[in-house]
Structure formats: structure tokens, C-alpha cells
Amino acid sequence: MSFFDDANLTKAREIVARYPRAKSAILPLAHLAQDQNGWLSQEAMEQIAELTATTPADVLGTCSFYTMLKRRPCGKLVVSVCTNVTCLVVGGPEVLDHLEHRYASEPDVTVEEVECLAACGGAPALQVNYEFHERVSPSSAEEIIEAYRSGTLRARTVSGASVA
Amino acid sequence: MPDLTPNGATGGTSGGTGVEETRIVTRRLHDRVDDSWTLDGSLASGGYEVLRAVLAKGDAADVQEQVKLSGLRGRGGAGFPTAQKWSFLPPNSFPRYLVVNADEGEPSTFKDRMLLELDPHQLIEGITIASYAVQCNLAFVYVRGEFALGHERLTRAIDDARGKGFLGKNILGSGFDCEIVVHRGAGAYICGEETALLESLEGERGMPRIRPPFPAIEGLYAKPTVVNNVETLSTVPHIMQMGGEEYAKLGVNRSTGTRIFSVSGHVNKPGNYEVELGMSFRDLLYGLAGGIREDRKIKFFIPGGASSQWLTGSDEHLDAPLDMDFVQQTFGVMLGSGAVMVFDETVDPVLVAWRLAKFFAHESCGKCTPCREGTGWVEKVLYRMSQGLGRPQDLDLLVSVGSNISPGLVNAPFVQTTICPLGPSAVSCVASIDKFFRDEVLTRLSNDAGVHA
Amino acid sequence: MTTTESDAPEAPKKTTVTVTVDGITFEAQPGELLIKAAQENGVYIPRFCWHERMKPVGMCRMCLVEIEGGRGYPPACTTPVADGMVVHSQNDTVKQIQDGVLEFLLINHPLDCPVCDRGGECPLQDQTLAFGPGESRFVEEKRHFPKPIPLSELILLDRERCIQCARCIRFADEIAGDVLIDFIDRGDRMQVLNFEEQPFDSYFSGNTVQICPVGALTATQYRFRARPWDLSTAETSCTTCSVQCRGAVQSSSNRLVRLLAVDSEPVNHGWLCDKGRYGLEWIHSDNRLLEPQVRDGGTRREVSWPDALDRAADAIETAKELHGADSIAVLGGARGTNEDAYVWSVLAKGVIGTDNVDAQLGDGLPAEFVLGMERAEIADLDGASAIVLLDHDVRDEVPVLFLRLRRAMLELGVPLVDLAPVAHGLSAHAAVVSRRVPGERITAAVHDEITRVTEGRDGPVVVVVGRGNLAAGADSVVGVAADLARVHDVRFLSTLRRGNVHGALDAGLTPGFLPGRTTLDAGRDWFAERWGGVPAERGLDAEGILRAAGDGKIRVLVLLGSDPISDFPDATLARRAIDAVDTIIAVDAFESESTERADVFLPCTLWGEKAGTVSNLEGRVQRVGRKVAPEGTAMDDWRIAGELALRLGRDLDLATVDEVTDEIARVAPAFAGVTSDIVESARDGVVLPFSAHAAEIVLRTRDLTLMADDGAGVSWDPIKVEGETPAEPVDEAEVAAPADAPPLYEWDGHAAQPDPPGRDAYALRLVVGRALYDDGRLVSEVPLLQRLVGEPELRVHPSDLARIGVDSGGQVKVTSTRGSQVVAVRSDAGVPAGIACMDFSADALGAALLIDARQPVVDLRVESLR
Ligand SMILES: Cc1cc2nc3c(=O)[nH]c(=O)nc-3n(C[C@H](O)[C@H](O)[C@H](O)COP(=O)(O)O)c2cc1C
Ligand code: SF4
Ligand code: FES
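Here the protein sequences line up with chains A, B and C, keeping their order.
Count along the first sequence starting at 1, add 14, and that's the number in the working numbering.
Count along the second sequence starting at 1, add 2, and that's the number in the working numbering.
Count along the third sequence starting at 1, add 10, and that's the number in the working numbering.
Extracted from the complex, chain A is given alone in its bound form (with noise of 0.2 angstroms):
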């Protein structure tokens, strides 16, 4: 049984082939990975590791060692939120704790705090689904998470691939 669905594995094998040695595509059939399923499942891994010769500990390994990598089911929108120190003096905790608030019970979103997003000339800084925005403030990361919410921003994948 295939985890990744037909289109998907032939796309996993290309980026297999792409290089030198099969293991490389660990990171880049996670984000496959996610794309397709929201998280990083352990049927996921085992076919990770079938696909790149390597053994299902030995992915996960790998795996955990990253955070984009959701290794538990997360919301559909991922907020990451900065609070490294340019956003934290100009308001980035606040901005997080006002959406941890918000969202503590909306399974949809998943609120998170990162560490620098390398959007310090825009702080304070969040991304939905790695997409910027910059110079938030707690009302307006709410009205733009809300747009993604209804449709009126279209998000990326969970892993930040475009949606077509």
C-alpha cells in the first residue's frame, strides 16, 4: 500500500533521481509528504525510507531534527509567529499571544512561535503556511488569517507549496 498517492510517487521518484544518492530526498519527500497529507505520518516515513533505502528510525531521525516537519496532525493553517528580538520589541509577542488566544480552539489553526523569519525589516513578522506578512499587528494578523480562513487569500499547502 502506497502512501503517496500515483501522481505523487512519480514525483518522489524524480526528486530521488535528482540526486547523487537516494538519502538526500529525505527533506524533500517530507515536504512531499506534507503536501499531500497536512503532516509528516509514520506511513509517510515508512515509505520515505522505502523509497530512499534507508531504514524508518533513520528517517525519522532526520525528520525530527527539523520543525517544519509536523510529526502529529497540525491545523490546515499553520500561523508562524516571530518573537526573536527585532520583533520582540516592536510587538510580536503580543501578536502571538493575542492569535493563541484566538485560535486555542479552531482545529483549522495551528498557532506557533518561531525563531527569526528573516523579516526583520517588516517586524513584527508571521507566516501562514510560510507565506509573509509583515508589520502585523494583533488585529491585522487576525483579519489576514480570517481571509485565508474564507477563501479571499488562497493558501499554501501546509509545507508552503503554491496551490494551483
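Hints were generated in silico from the structure; no laboratory data involved.
Bear in mind the structure is a predicted one, so any value in this text is a computation, not a measurement.
Treat the hints loosely; a few may be bogus.
[Unchecked claim] EDC-like cross-link-like pairs, simulated, lysine to aspartate or glutamate; straight-line CA separation at most 20 angstroms: (1) Lys-90(A) with Glu-127(A); (2) Lys-823(C) with Glu-873(C); (3) Lys-37(A) with Asp-183(C); (4) Lys-37(A) with Asp-188(C); (5) Lys-25(A) with Glu-181(B).
[As the list claims (entries may be wrong)] In silico contact screen, one side only, chain B against chain C (beta carbon under 8 angstroms); selected entries: (6) Ile-212; (7) Pro-372; (8) Glu-375; (9) Trp-379; (10) Pro-409; (11) Gln-418; (12) Val-453.
Glycine included, each C-beta is placed from N, C-alpha and C at the ideal position.
Here the structure of chain A is known, so what remains is to put chains B and C with the ligands in place on it, guided by the hints.
Relative to chain A, chains B and C with the ligands alone:
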């Protein structure tokens, strides 16, 4: 549409101050705000002309020579001379790889993201020329995972460039083949460290390698490898266009040319500014970045990304030139990744120190005992202190713990008990509050509630 | 020849470098790691992550040193020595760094030393006691994880105690090749873990417990069983298989509690397999029979030793008188010591006069080949021009040899020519793969490939040869060996797995041979003189004995620690034989399907309860240690033989085991010179014949100790026995057999190779190997290992499965010339089409009921059950 204007790309000449940017690497993205990232935009503004000329000339050694003459030093943080790095590749050992470091994660640095999003073709041209120079046929770009748009635009640009014969087999009829694979990270600052990056690219946990062997000898897949930063490679076509000697006329001393500085924090006009090296911090912060909000004073600023030790708003510090060697030798700080974070007098330095320590503790790969355990310890103590739960001995404790990670707490180049400089970077903040705010902090600690409050 | 001053050759160019560490100056090999060179010259630089059998990672940072003229503090474990290097590992700055690292390791470490298995032999504890400050500067909350979680049935992990040295992970990956554990997460949340639902089931997992510097990894078998300071230790060899890894066996209150690996350079490199490590409990099984028994009427009852011995001797004597010595046979002997085997040889061949003696039970190779082949040592793998592997189940049969093979291939780059009938753990790295069809010969193309991969490489071709397929006759294996020996410069490394089978063969427990690798014919006079007689003619091997027994020609059958019904591949034949014999004398520790029918049961001692020597698959003779007193009245096998000899009218005059060892050295040609003294003092034992290996001898300078000079426990670092080459090299002539001794037998390269029957398109040819965790006694008496026994199944190629018309996991009916059975079937792309592969087990589901010893190969008909 979300606001996709890259922060700071719109910075520029500052009204009335007479201080100006020197735009070389950022020229196109200012000139062609609407399409700088597209193939058309690139071609319309001289894109790939240098590549064509270099390949037509057919002299790889000349590229190396021009880069050497230019005095170009790496823009990723360590400032290592680029031509020298290339020269370490053992002759006659193939395959070899060029790996582009686009992992930009150093807090407050946001220049590479801009270059990826707004001028990917310039980078591709730089990669192709550099690959030609070092005789590599396969290059990898390791793009920070969070840069979804940058990744997308770069991938698209590579396809477009290949379509025009700027990449792939027999580029522009020269017989030279070069392919670029874009590899997306997945959220780990340490993967910006070059050997951790290589591990990550090999599908491993991003843990730095023991050196030697250095990547030039045994890098990616144990093959000779050059790792260069995005800005470094984006500069290469311009060096080839200007000629190395001409480029070296820009800048000061061994800090030649221009660099992009990412200015953030309490300045009125945060953003990326490309300036000739040698300009003073004062001109950068006041002349270009518009001075401090509400005309406040600078309490302290961090001159080279989160890893650097700090400077203050004193004249001595503000008048110092943007010269990598000067600031290192004079103040023991580094220009690092070219980020300048500015904090006005309302800011609690302990809070900033804690947040930086938290960052490093979160990003420590966990390989070295002092960094794995020490960064967490420092973070916990600083957190208590920032919350008014300090004890009088805590500052000295921090300095002592810090010294066990970085003996003597010296910055740039670090002395370290760890494999990579992340561990010592984590205690730059400790050294800095001890250096500049010791009295203030000690006074506070003596009034604090202590651990068990 | 003497050299005078004037014609002395010029001093050779200096090939070593001079290094000074903490004021001690010494010579070292260029490229050697500083930490190792220093250690060998008396400076122990503290470490946690570095282990000398694995690649350095430099991550714990405990070994940082200062090098004069260098910048910073490089780790001694990753820094190669260089000429003129001056190193400080104990000055104030370095001490400060070491204290700092210790403090960092302790801040999140639980203070549960009193209940930690590592307590008392923990470097973290030792160094903290020695150097640590009295109180902690860490007032924050420690990191918490749920207390021990199982990584597997055998291994538990306490993540709070882990110091992230990665030794376990590196072992699993680098040494064992079982990437089943890894670090997950990062920074100070980094922890060792397996993939959920995929336990750390490596045959070698126990090594991770031994090399874990702290008590993070513990063994379910040993957990809370003892404290290190209460244990007493004996050096020994494990005899679970014929690699005979060196070990240190430990007991507490007369119970064996732990077996640790000792690092022997020629043999096991400090590793053990889990079966050897955790199987030692079998000797304490409640199922053991500890008193002699004899059958009266229908039932057996306990009697005194004299009564039991009398009864056995009577049966032998009567049979000999009425039916001749040939009516008596001895099966087994591969489980005891060389001394056990030798005295049983004397009893059978010298006293009783029967040559119907076999230590192999139809699952081995002809003694002519094993005793006479050109032998390789394990270390020859490292320098081989190529390794030819004939069997697929090396990891299961002789596990630590698998590790040595893996190392030779992956680390030393020796090309592997994989001729096993089905794919296995090393196939992915093989230079040449050619799947050998059971019964068939090697093709010219394979010879060409071997020639190709060895081109430009020195060293012999080492052929790793055993009986990896119990469903094909031994003759075809010898045939392949003969083919290889004809074309290439080969040496053979045997993988016959039974613990001391090589010792038993060397001691004469095989038809046609006398002790010391000499034939019955060649040694007749020599032994007749020393023993008072030898059999007139060559006797029967195991298969012959069982056949003769089935035909009523064997009246007394001695089962010397053997259970033919479950050991002999063809269970049908064995069962028939056992049922037909008049008197069975069992020398054993357990009741089995065979010993159940014994008329006399003589309880014998087991490994751990007896001293003596054993010989491994290289023919390396080493001592095993006695650690606990035998339970009940169990007696050493050799003593039982001596007692029986006495009752049959011959006093062998052997009072101690050393006297037996010394007699073997005097009498058995291949053992010449291998006295109890030399075996005791030679650190790595003696490879037979001694005269050919005299140059390899290393004499002990200090016995095994698990404590360092400063009293710190060292069991987590390679445990070594210190030794040096003798000042006076051993004189080969002195340890050679006397001139009039019979010659050692040499294999003439002859092979009777029957042509296998042609294959019909519908049959699958059967390959039956051994699984590590099988239905053998050592597994079945240890509940912990018993749980690891796999379900029997038939593995076939997907295309065959499709043809048969069943799904993987379904049931099929298989039929051989012996009968039919229903078994589970699984698809396995590693099995070539036309082959069916199965693990051996004697129960109704195993292969024993399908194997037909009369046939050179077994072809199966496989049908779906629809
Ligand atoms: C912890 C750490 C993080 C780093 N992150 C980056 C990064 O994000 N981008 C980068 O170009 N270099 C980074 N570096 C520096 C690289 O290791 C390397 O020096 C650089 O990519 C070389 O390119 P250059 O010579 O062109 O500067 C980092 C170094 C360290 C120690
Ligand atoms: S210093 Fe920290 S981040 Fe760098 S290798 Fe060591 S543990 Fe990893
Ligand atoms: S022993 Fe050298 S770093 Fe661990």
C-alpha cells in the same frame, strides 16, 4: 494578495543626509520593481551577459584570478576570502560540487531572502560562472525551508534559464555543462553552518561535522566541495563585469566592495542597504536607516547578527567603520552576516539577552555537550533574571558557564569547547551584558526575588 | 647469521612520530589518534563518546586538550598525532574544560545512582566523585522523561540518564548495520529512540548496553540483578557458536548473571551477539536434570552416580561382547570442551574400540574437508584479496563473524563475492552476486569474476564455507570448495556453528580420525601404543549410525549432549533410529525428545560450570573459565568418560582438567605444544598447529580486570587483556609434533559431487538455513530469548507466489519425498525464482520433516490450499 514587497528593498538614498547606497548587487531589484525576478526582467537589464562573455573567453583560471584580485570575502558570516576557498579544491579530483548557502537564519539577517525572491537570475548567473571557474558540473542551492516564495521563484528561474541555454548541457555552446538542484531545508538554523548544511543535504540530521577534513577536500558525498553564500555568488558576475581590480577599489583595507546590511529594530527606516564597506555605523543607521524612532538614543546595537557581541550608542562605536577587521580587532565584535539590530533606551538588555539565548538553545543541534546543555542552562538563568527572579550571583554564574562553552568569552574568532561556533555565539549576549551593563544588572539582581519566589 | 657493526644496514627511515603528552614522550604511528596513542603510552585522556572500535565523532567534548602552538582545544579523539606534537591533557585550562563538561553532563542527569545498574562502574559517577564540586550550581528544573521505555524485548532506555554520546546509535549503524535507533529531536531535547512499532531488534543489541557509559541503556536480563562490586568474574570464551568470542562471565551467589564481551583483536573485537550474551541463564533452568537416573521397567528414577555408571558400563560391555564394538555408537560432543571430547575419544576408540563416533549430526561437513582444508584465520578476512561467501545465514549461525565480514568489506574495502543461494544482509554491498542453485557447480563466469575483483589485490581468497543449506547434501558444498581451490589461491574459514564442533573434530570425535587431525590409518600405531588399541576400521558418521540403528545394528547409543530428533536435519530418519536402539545412554543436562528414551541419564556440567579449552572455527584454542559450582551432582563429561573407562577395565589416570590438556598436547599431533601452561598464558590462545602459528603468540602481562588502576569501572570501554610478544620468540621446532608422530591430514581436493536431479518447472528447490533464535535448548530454556523466535514460514520469489496463486501471508501445502505439510508463505524478492527458503526447526512446521537425507537436494511441490 498578501503584501509581497520584500522588506527594505525599497530603502535607498536618505533624504537630505547626503549618505548614499552603492547599489551593485541590488541594482536590478531597485530598477525593475515589477519584474526583477523574471527572466524577461533579468534579460532586459543585462542578465546573463557576463556569463556569455566569460564562456566566450573560455578562461576558467581568469575567473579565479579576477575574484582573487577583487578581494571578495564571503558574505555568509565568516568573511573568508572566496578565491582562496576555491583554490583549496584538490586538482584533478572529480566530481566536485558547489553548494550555495541560502539558509539565511541568523536573526535579523534578511538580505539573502531578498536576493532569492527578487533577483534569482543574478544568483543563477553567479553560480554558473563560479561553477565554471572551479570546474563543477552540479551545484546545489540549499534554501531555507521557510522561504516558500524564494524557493518557488528560484526553481522557476532555473527552469527558465535552462530553457534559454544558460544552464544544462553545453551552455551557450561552450561545451560546459552545469545543473543546479534546489534543496529546501525544513527549519533548522544550524543548517546554515556549512558542514551541517552538507549533512542536511545528504539527508541526515543537520549536525556539524568535525574538521578536518574540510569541505574543500571531503564535502558533499565526501567529494571536494565549495560552500558559498547567496550574496557572495550574486556578487561574482559584477566582479567579472567590472574586473577584479576595479571592484577592489571599492571598500576599505581588506574589506573590499559593497555589502548589503540588514538594518532592523528601532530605526525609522529598517531595511536592506547596500553600501560601500568603510562607511560608518552612524551613516548607516542615521544617514540611511533614518535614525532612531522618536529621536531616542541607541542603548546598544548588535552589529553582525545575533552571534556577534554588542556595541553601544557611544560615539566611539557609532563612528567605527564597516570594516570586518577593524571592528574585530578594536572591539572584538564581528560584521558577521551584515545584520544590524538597533535597540533604543527603552529596551531591557537582559530581556534581549534571554531571547537570544532562547534562540540558540532552541537551535543547538545537540551534538556538543557544552552547547547542548550550556545553552539551555544560560537560557533558564536569563529567563529568571528577565522576570525579576535573579540572584546576586547569577551574572557571574552566567559568565562562568559561558566560559565553559567559550573560554575567555572572546568573540570573532571564537575560542570554543564546541565543534561549531553556535555554542559560543549563544554566550555573546552574556559577555555583552557583563561588559556594558554589569552595574545596572547587578543592582537589579540585588533587588530581585531569587529563584524560589 | 650475525651482523657486524660495519655491515649493519643503515638505520631505517623513521616511520614513527614523536609525541609528548603531559611530559611523557613516546613514539606513535602517523595518523594514529592522539587519544589512543596517549592511552597506549600510559596517559588516559578522559572520554565518553570515543570508542576505539568505532569512528570518532568528537561530540562529548570530554577529551579536549591543549596542543602547544595550536589554536583552541581540539578533541584528542579526532586529532591524529603529528611529529613533535606537545600536548597537555591535565593543565589548568584543560582541567577547567573537563570540569565544565562534567558539570554540563550532570545538570540534567538524575541523581539515581543507588538504583542504577551502572552504579559502581560509571565513568560519570567516578569522575564526579574524583573531581566534581560538592554542590550543584544548577538550580533550575531538570529535564524529565518518562522512566525506562523498552527499545526491544531485551533493551530498556532511560532517557534521563543518557549523555548523548551516540555510542549505541553508531554501533547499530556502523558495526551491526541495523539502523533501528537514532537520535530524534535536537538540542537538549535530543534523545535516542527507535521508530514506533519497529523495535531495536538487532542480533547485536546487547553490545549497546555494554558500551553505554552510563545507565541509560540497561538489559532486561540483568536489570537490578546485581551490583558490580558484588560480582566475581572469570575470563572465558562464549561457546554458543563456534566463533567463541572472548568474554568475562560474572556471577553472584553462585548464579551467572552477566556475560561481558572482552576485546580480542583476532576474534571478536569486543562484541558479542545477544544469544551468547543473554543465553547464559539456560544453565539455571528449572528444567535441568541434576541427578543420574536409570530406567527400571517403564520409568526412570534417580540413582547414585556409581549405580548409574555401573549400569552404563554394563550395557556397553554386554553389547560389545554379544555384538561387537561396532554395535556401540557415540553421537555428539560438540558442546563440551576439548578435554571432554578427547577423553570420550579415548573411551570410544581406545577403550571400547568403536569408530562409530560423530560430533556432527548430519548438519556439518565431511571431517576430511574440515580437518584437512587450508584454513584461514578470522583476521585473514581483513587482508583478503576477496571474500567468497557460500551461505546466506552467517549472521544467524556465527553472528560475530558476520560483524567481522562486514567490517572487512565496508571499512577495509575487501570485495565480497556473494554466492549464497538467497540474498542476505551483506548482499547489498557485494562486489559480485551470483545466486548459486543448491546442488549445482560454480560456473566459469563466476571464476572469471573472482579473478577480476582480485586483480591487483594481495592476499588469499578467503572462502567462508559452512552448511548453510541443510536441505542439500554436504558433498555439493565440498564440490564447490574443490572447484574454488582448483582455480584460485584460497583459504577456507569454516562457519560450522556448533559451539565446539571444531574442537570435537580435532579431538577425534569423528569416524576415520584420531585426535590431532590425523587419520585412523596414519595414527594407528602411535595411538595404539598410547591408548592400548584403536578401532580396526573406519566407522560410521551420524547419518550412517542413524541408519544402522534403524536397521537394528546399533545396540548402545551414547548421546553426548545431543538430541538427534531435533538436531539431525532429517527428523524422520532420526526418530526411527532412536526408537530402534536397545540402550540409550544420555550424557546431558536436559530432557529432550531423544533423551526421554534414555535408559541411563548422566547429568553433565555446562559452560560456566567447567574449565578447560575449546577451539573456535579458526582452530584457535582458548580457555573457558569455571565461574559457578555445578548444580546438583552434575559431572564434567570427561570425568564421566574416565569413570566409564575405569569400569570397563582401563584407568586413564587423568585427575585434573589440566592433566587432560597436557595429555592432548603430548598425544594429539595438531595440538603439539599446546599445554595447559601455554593456553593459560597466551593472551589470544593458540591457533593449531602451534608450530605454524608460533610467531603470533602474545603472552599476558596482566590478567583480565574490569577495574582501572584508580578503581574506576571500565566495562564500558573495550575490555582488554594486556599482553606483549615474548622476548624470546617461540621456537617452532619445540612446539612441533615429534618426528615419529603421525602426519596431519591434508585434504586432497577430492570431492564426490553427485549431479543434482534436473529441476522441473513446477518444483521449488529448498534452501534451509538456521535462524539465530531457533528451537535449540539455549533459546528454549531462556524465556527472554524464547520470545524472539520467529514464526516458521516459507519464503519464495513474488513471481513464484503469483504462479502458485496465494497472497503473501497465506498458507500453502508443500510436499517433498518425505511428506507433506501446511506452512505459511511469504513473498521475498531476495529469494530467486525457483527457490524456496525456510529456517530450520524440528517442530511440525519446520523443515526437518521435509528434508530427505537420501537426496542430494530437496525439491518441493507447493500448492495453494484452495
Ligand atoms: C551557526 C552558523 C550559522 C550559519 N548560517 C549561515 C547562513 O544562514 N547563511 C550563510 O551563508 N552562512 C551561514 N554560516 C556561515 C557558513 O558556515 C559558511 O561560512 C558560509 O556559508 C560560507 O560562505 P561564504 O564564504 O560565501 O560566506 C553560518 C555559520 C554558523 C556557524
Ligand atoms: S556547538 Fe552546538 S550547534 Fe554547534 S555542533 Fe556543537 S552542539 Fe551543534
Ligand atoms: S571522547 Fe573525544 S569528544 Fe568525546
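Hint check:
1. Distance restraint check for Lys-90(A) and Glu-127(A): the Cα-Cα separation of roughly 17 angstroms lies within the 20 angstroms cut-off, and the hinted pair is therefore satisfied.
2. A distance of roughly 5 angstroms separates the Cα atoms of Lys-823(C) and Glu-873(C); the hinted pair therefore holds under the 20 angstroms criterion.
3. Proposed proximity of Lys-37(A) and Asp-183(C) is supported: the alpha carbons are some 15 angstroms apart, at most 20 angstroms.
4. With a C-alpha separation of about 16 angstroms, the suggested pair Lys-37(A) and Asp-188(C) falls inside the 20 angstroms cut-off, and the hint holds.
5. Our distance criterion of 20 angstroms between C-alpha atoms is met by Lys-25(A) and Glu-181(B), whose separation comes to about 19 angstroms.
6. Interface hint status for Ile-212(B): upheld, as the beta-carbon distance to the closest one in chain C is roughly 5 angstroms, under 8 angstroms.
7. The criterion of a C-beta within 8 angstroms of any C-beta in chain C is met by Pro-372(B), whose closest approach is roughly 6 angstroms, and the hint holds.
8. The restraint placing Glu-375(B) at the interface with chain C holds, with a minimum CB-CB distance near 4 angstroms, inside the 8 angstroms limit.
9. Of the supplied interface hints, the one on Trp-379(B) holds, with its beta-carbon coming within about 6 angstroms of a beta-carbon of chain C, less than 8 angstroms.
10. For Pro-409(B), the shortest C-beta to C-beta distance to chain C is roughly 7 angstroms, which falls under 8 angstroms, so the interface hint holds.
11. Hint status for Gln-418(B): holds, given a least beta-carbon distance of 6 angstroms to chain C, under 8 angstroms.
12. At about 5 angstroms, the closest approach between the beta carbon of Val-453(B) and any beta carbon in chain C falls short of 8 angstroms, and the interface hint on this residue holds.
Of the hints listed earlier, there is not a single one the structure fails to meet.
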